[in-house]
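**Student:** In case you want the letters, here they are:
2 protein chains.
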Amino acid sequence: MHVAGALDFQPTRESIPPPNVSYQQSVLGLAPNVHPLNPFPFILRAAAVYPDKLAIAHPDVKHPAFYTYAVWAQRIQNMAYGLIQAGIRPGDRVAVITPNWYDLHLLHLARMKTFLVDAHFGVLAARAIVTPVNTRLTPPEVSYILKHSGAKLIFIDRDFMHLIENTNVPIIVCHDTGRAGDPYESFLSAGRVFSAEKGWAGLDIEPDENAGAVLCYTSGTTGRPKGVLTTLRGSYLAAIGNVVEGQISRESTYLWILPMFHAAGWTYPWANVFACATQITMRSVDYPLIWKHFLTSGVTHYCGAPTVQIGIVNDPAARPLPRPISAVIAGAAPTAHLISQLEQKGIKSVHVYGLTETYGPFTRCYDQPHWGTLTLEQRAKLMARQGQSFATAQDVRVVFPPQDENDEELRDVPKDGRTVGEVLMRGNIVMKEYFRDPEATRKAFQGGHFHSGDLAVWHPDGVIQVVDRSKDLIISGGENASSLAIELELSSHPHVLEVSVVARSHPKWGERPMAFVLLRPEHAPKWKDNHDSFASELIRHARTLLPGFACPEWVQIVDELPKTSTGKILKTNLRKVVAKL
Amino acid sequence: MHVAGALDFQPTRESIPPPNVSYQQSVLGLAPNVHPLNPFPFILRAAAVYPDKLAIAHPDVKHPAFYTYAVWAQRIQNMAYGLIQAGIRPGDRVAVITPNWYDLHLLHLARMKTFLVDAHFGVLAARAIVTPVNTRLTPPEVSYILKHSGAKLIFIDRDFMHLIENTNVPIIVCHDTGRAGDPYESFLSAGRVFSAEKGWAGLDIEPDENAGAVLCYTSGTTGRPKGVLTTLRGSYLAAIGNVVEGQISRESTYLWILPMFHAAGWTYPWANVFACATQITMRSVDYPLIWKHFLTSGVTHYCGAPTVQIGIVNDPAARPLPRPISAVIAGAAPTAHLISQLEQKGIKSVHVYGLTETYGPFTRCYDQPHWGTLTLEQRAKLMARQGQSFATAQDVRVVFPPQDENDEELRDVPKDGRTVGEVLMRGNIVMKEYFRDPEATRKAFQGGHFHSGDLAVWHPDGVIQVVDRSKDLIISGGENASSLAIELELSSHPHVLEVSVVARSHPKWGERPMAFVLLRPEHAPKWKDNHDSFASELIRHARTLLPGFACPEWVQIVDELPKTSTGKILKTNLRKVVAKL
Chain A
1 MHVAGALDFQ PTRESIPPPN VSYQQSVLGL APNVHPLNPF PFILRAAAVY PDKLAIAHPD
61 VKHPAFYTYA VWAQRIQNMA YGLIQAGIRP GDRVAVITPN WYDLHLLHLA RMKTFLVDAH
121 FGVLAARAIV TPVNTRLTPP EVSYILKHSG AKLIFIDRDF MHLIENTNVP IIVCHDTGRA
181 GDPYESFLSA GRVFSAEKGW AGLDIEPDEN AGAVLCYTSG TTGRPKGVLT TLRGSYLAAI
241 GNVVEGQISR ESTYLWILPM FHAAGWTYPW ANVFACATQI TMRSVDYPLI WKHFLTSGVT
301 HYCGAPTVQI GIVNDPAARP LPRPISAVIA GAAPTAHLIS QLEQKGIKSV HVYGLTETYG
361 PFTRCYDQPH WGTLTLEQRA KLMARQGQSF ATAQDVRVVF PPQDENDEEL RDVPKDGRTV
421 GEVLMRGNIV MKEYFRDPEA TRKAFQGGHF HSGDLAVWHP DGVIQVVDRS KDLIISGGEN
481 ASSLAIELEL SSHPHVLEVS VVARSHPKWG ERPMAFVLLR PEHAPKWKDN HDSFASELIR
541 HARTLLPGFA CPEWVQIVDE LPKTSTGKIL KTNLRKVVAK L
Chain B
1 MHVAGALDFQ PTRESIPPPN VSYQQSVLGL APNVHPLNPF PFILRAAAVY PDKLAIAHPD
61 VKHPAFYTYA VWAQRIQNMA YGLIQAGIRP GDRVAVITPN WYDLHLLHLA RMKTFLVDAH
121 FGVLAARAIV TPVNTRLTPP EVSYILKHSG AKLIFIDRDF MHLIENTNVP IIVCHDTGRA
181 GDPYESFLSA GRVFSAEKGW AGLDIEPDEN AGAVLCYTSG TTGRPKGVLT TLRGSYLAAI
241 GNVVEGQISR ESTYLWILPM FHAAGWTYPW ANVFACATQI TMRSVDYPLI WKHFLTSGVT
301 HYCGAPTVQI GIVNDPAARP LPRPISAVIA GAAPTAHLIS QLEQKGIKSV HVYGLTETYG
361 PFTRCYDQPH WGTLTLEQRA KLMARQGQSF ATAQDVRVVF PPQDENDEEL RDVPKDGRTV
421 GEVLMRGNIV MKEYFRDPEA TRKAFQGGHF HSGDLAVWHP DGVIQVVDRS KDLIISGGEN
481 ASSLAIELEL SSHPHVLEVS VVARSHPKWG ERPMAFVLLR PEHAPKWKDN HDSFASELIR
541 HARTLLPGFA CPEWVQIVDE LPKTSTGKIL KTNLRKVVAK L
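In order, the protein sequences belong to chains A and B.
Start counting the first sequence at 1; every next residue gets the next number (our numbering).
Start counting the second sequence at 1; every next residue gets the next number (our numbering).
Just so you know, the hints here were simulated from the structure itself, not pulled from any lab data.
Backbone N, C-alpha and C define an ideal beta-carbon position, used for all residues, glycine too.
Among these hints, one or two may not hold up.
Unchecked claim - Okay, derived cross-link-like pairs now, DSBU-like style, lysine-lysine, Cα gap no bigger than 35 Å in a straight line: (1) A:Lys443 - B:Lys345; (2) B:Lys443 - A:Lys345; (3) A:Lys53 - B:Lys443; (4) B:Lys53 - A:Lys345; (5) A:Lys415 - B:Lys348; (6) B:Lys415 - A:Lys292; (7) B:Lys443 - A:Lys198; (8) A:Lys198 - A:Lys415; (9) A:Lys292 - A:Lys415; (10) A:Lys348 - B:Lys443; (11) A:Lys415 - B:Lys198; (12) A:Lys53 - B:Lys415.
Said to hold, decoys possible - Across the chosen pairs, the derived CB separations fall in these ranges: (13) B:Pro521 - A:Ser340: 54 to 60 Å; (14) A:Val169 - B:Arg411: 39 to 45 Å; (15) B:Arg411 - A:Leu30: 39 to 45 Å; (16) A:Gly372 - B:Pro64: 22 to 28 Å; (17) A:Asp204 - B:Ser186: 54 to 60 Å.
Unchecked claim - Taking beta-carbon pairs under 7 Å as the criterion, some of the chain A residues facing chain B (in silico): (18) His35; (19) Leu203; (20) Gly427.
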């Protein structure tokens, strides 16, 4: 049947037909009105609606790659078929080993592979589980993760082959060329051939929305890393939460500064595609390159820990931006000084808080209309709080510690801003489990909530504020001193760039705080041969702001602070230093 | 345990503590990581994060009401307890009868009750189902709906008591005063007393996310109205889809022009609260009042059918807006003339398409970057298309009709922009069922998809375009003529304000189109005593744009067009006129 009338108008430009992105045949068995939540089909919708839009750019390499949504969707489909051809079955784990971060003093180098973001869609399209592996681990640690996860296939960057000890797991190497001859590209091409052009219709979507999506191993500052398994449903909802909270839209361009292997890049690989935004990844990133992208690539959004934000605003290339950029900050609270520096450049901070176990952000510090009348210092102190439940999160609470391991009753601390308890979360963006570790899972879910291990107070306005990781609290003369709070105050000294505080044993007080300080480059020469004077100066500064028991007893100037691959300061390493003193 | 440091800073203003909006105790039995999707807890989060923000304003009445999120959340909680006290049990239906629209020629009067938007949260909080009833129905029709739905309680506007024939269902009357003595307010107060201050923690959340949320009876131009039952999960996802597509945020102010009883106000009662936006409802609305709100109340968003948009832009109070407003248009395709008029006033159109059975919008016509180079006429023709899948919708397809009622195989029409088929939808925002009508449900879901009853073509760029309701297609000389397409072309005549085309039998051609035309007021006098000349003029105009078989054979000038309460033209009534000719 044909119809006549005004309906045959077509776009006048040369029209590129969108890809066949319908997976309709494959879900014929599903109900018409309940479909499993899954973030991978975001790519199908984006490719159907904006086939010619730039989806992902990988510009800073010898052979830059710029994929439209239509082309990228095809590559993802090829990956899914390639995995199935390689024998990957539903629920199998596929490891991805690709570098993200180097830590060279103040210069953080990131290397981002498009194949990691590909995998967030392609592996899920094959109904398997993505297992990103941190490349800063040692070969034995990588071996442990590969063995513990039971990975059936490994995608790996060619420069990181040394991380893999003898294994009989199939390995696909990526040379990051995007060209024929690159084994990764050959894998995709073979997948395309294997598909016999059946397209998306030839792939089954995972019918169980609570099936595994990503298996991320936590950095594990103590003990063996734990595998955090997330679900498809949680990933879908967390990604949409990030779109809403970050106001990401089809007009947005997201720069990958945040490591993508950490908590599934906080679900941003999916969030950006849900919003039909453009993503820019970098093979070799430094701060000048970030500023180049800020100033010339139309960047609107990025995420990063405070330490990264400090690097960005203090880079010589930093300058006021022509258009505002939104920075989502997590990992630690931003200081007033940092917020002010970011604002001066035109970067608006959004402070969020969460863990790998909560798909990244679970709370956000929502700025309030009446904060406009406060000073920057006052506002920054409010903004440093971890906040309230995220759009698609559910409950966050602060409770007294359980009486014993069978105590399932949860008692909220009073909302007085002073009483410390543990942060508990519950809802759809809490992990499924610690993979193959029922005992750790049981302990983490005691009382029907996830136990974060973070200590916090609950303010009268319902906002939580993390005071410390439980192990970082300093018991000084019987008083609890928050290392985070001390760091916040010390960093208000104009010569301090970054500071970390840990407990050091003290004959009289049990423990006292010790501060490790990185000076601002312009002030460092003044104190070079005069560390003691600086220590006195900083302790004097602290006394004006903190009670005596919370003032550092010792101050040490350092050239760098030890950090995890995600930019978090490794207090474990500082404690080792302290133990030797 | 208390902690010292910089953490005791509180907002300096007099702080109003947020309400106790945690429902934590009530869901202790739930898993830590899978919570039932439900739009009602949006109010808890909004009230926790922005307790003092204006949530809902009802300003144009003798006793204006302005509720902050904290106060509104308390009223909703009171409603939930009141319902439980009244014996409402999980799954029971609660009817709400409140006026929305009068149709006085070009002047549409809307009356909006806060108690309808209250009910979208309060009834769900009591685990019951909201059943909004159209007040333009006759008492027998209302009786049918009350009986068919099995409503256990009725909230009703005092002016609409005449709609209820003898019933023994308890009735709560609302005088819309918001003050003591109003029976609705007494009901809320009694609920508060009954709650014994147990708060949200005393209410159980519905554990089944696929339980019923809203039962909307379709206007039913033929036969008995059908009850469209939606789910909590679908409502949650549809509301979030509308937030994302409409870019509603905490900075938004939504004006209730769209009838709230229609498809749960397309889920906007929840969408606005999810986004923590402000909603403005009106008791008695006319176009000058809409413009007053546009110009003085900070309105950023509204929804409405083209006929309403026509009324808005043609009102004498219309003028260019200081800030852009976003208008979501559904119910019929906007014409080029309308889009241009809206743009001249600073109103940006978003064209969406859906049915009550799809929670309202299921597709959106996504404007493309390259449309910027097109003329307004070209762009409007592209924008008039119904588009592609919405953010949280899944598949939309156009298929050939089934061979018979047992034919479950679906054959897509070619994407040629010419072949007509039926629009089918599938996914989480497809209704649960036709309430108490398994036969109609089975037919609607034939082949595992929802059958919309709308005829469409599928364009090469993946966009669907509705050509007609199946019953509105005109078979003229064996050719299919789309009444919608003919209307689009006829409305390009400068003297035409609105036009509707239906089939009229013809001795030679079987059927031929007949047009009913409403003239623009400024041109109407010219043709007052000269209808035939205008008919000839319009047919001449049509011949330049349409094939012969699609040109109207008859043209009749009318003073008004018959419409449903939601502003859709009642072609059934026009066909009755035609049948008598």
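**Student:** Look at each hint and say if it fits the structure.
**Tutor:** Here's how the hints hold up against the structure:
1. With a CA separation close to 60 Å, the supplied pair Lys443 (chain A) and Lys345 (chain B) exceeds the 35 Å bound.
2. Restraint check for Lys443 (chain B) and Lys345 (chain A): the C-alpha separation of about 60 Å exceeds 35 Å, so the hint is violated.
3. Under the criterion of a C-alpha separation no larger than 35 Å, the hint pairing Lys53 (chain A) with Lys443 (chain B) is inconsistent with the structure, at around 39 Å.
4. Of the pairs offered as hints, the one joining Lys53 (chain B) and Lys345 (chain A) holds, with about 30 Å between alpha carbons and a cut-off of 35 Å not exceeded.
5. Taking the CA atoms of Lys415 (chain A) and Lys348 (chain B), the gap is near 45 Å; set against the 35 Å cutoff, the hint is violated.
6. With a C-alpha separation of about 43 Å, the suggested pairing of Lys415 (chain B) with Lys292 (chain A) is violated against the 35 Å cut-off.
7. Between Lys443 (chain B) and Lys198 (chain A) the CA atoms are separated by roughly 30 Å; this keeps the pair inside 35 Å, and the hint holds.
8. A distance of roughly 58 Å separates the Cα atoms of Lys198 (chain A) and Lys415 (chain A); the hinted pair therefore is violated under the 35 Å criterion.
9. With a C-alpha separation of about 45 Å, the suggested pair Lys292 (chain A) and Lys415 (chain A) falls outside the 35 Å cut-off, and the hint is violated.
10. Among the hinted pairs, Lys348 (chain A) with Lys443 (chain B) is inconsistent with the structure: their alpha-carbon atoms are about 53 Å apart, more than 35 Å.
11. Taken as a hint, the Lys415 (chain A) and Lys198 (chain B) pair is honoured in the structure, with Cα atoms around 18 Å apart against an allowance of 35 Å.
12. Taking the CA atoms of Lys53 (chain A) and Lys415 (chain B), the gap is near 21 Å; set against the 35 Å cutoff, the hint holds.
13. At roughly 58 Å, the beta carbons of Pro521 (chain B) and Ser340 (chain A) sit within the given window of 54 to 60 Å.
14. Between Val169 (chain A) and Arg411 (chain B), the C-beta spacing of about 44 Å keeps the proposed range 39 to 45 Å intact.
15. Our hint of 39 to 45 Å for Arg411 (chain B) and Leu30 (chain A) is violated, since their Cβ atoms are close to 19 Å apart.
16. A beta carbon spacing of about 26 Å between Gly372 (chain A) and Pro64 (chain B) agrees with the range 22 to 28 Å that was offered as a hint.
17. Our hint of 54 to 60 Å for Asp204 (chain A) and Ser186 (chain B) holds, since their Cβ atoms are close to 56 Å apart.
18. The closest approach between the C-beta of His35 (chain A) and any C-beta of chain B is roughly 5 Å, which is under the 7 Å cut-off, so the hint is satisfied.
19. Nearest Cβ of chain B to the Cβ of Leu203 (chain A): about 14 Å, over the 7 Å cut. The hint is violated.
20. The interface hint given for Gly427 (chain A) holds, since its Cβ lies 5 Å from the closest Cβ of chain B, which is under the 7 Å cut-off.
In the structure shown, a violation is registered for the earlier hints numbered 1, 2, 3, 5, 6, 8, 9, 10, 15, 19, in ascending order.
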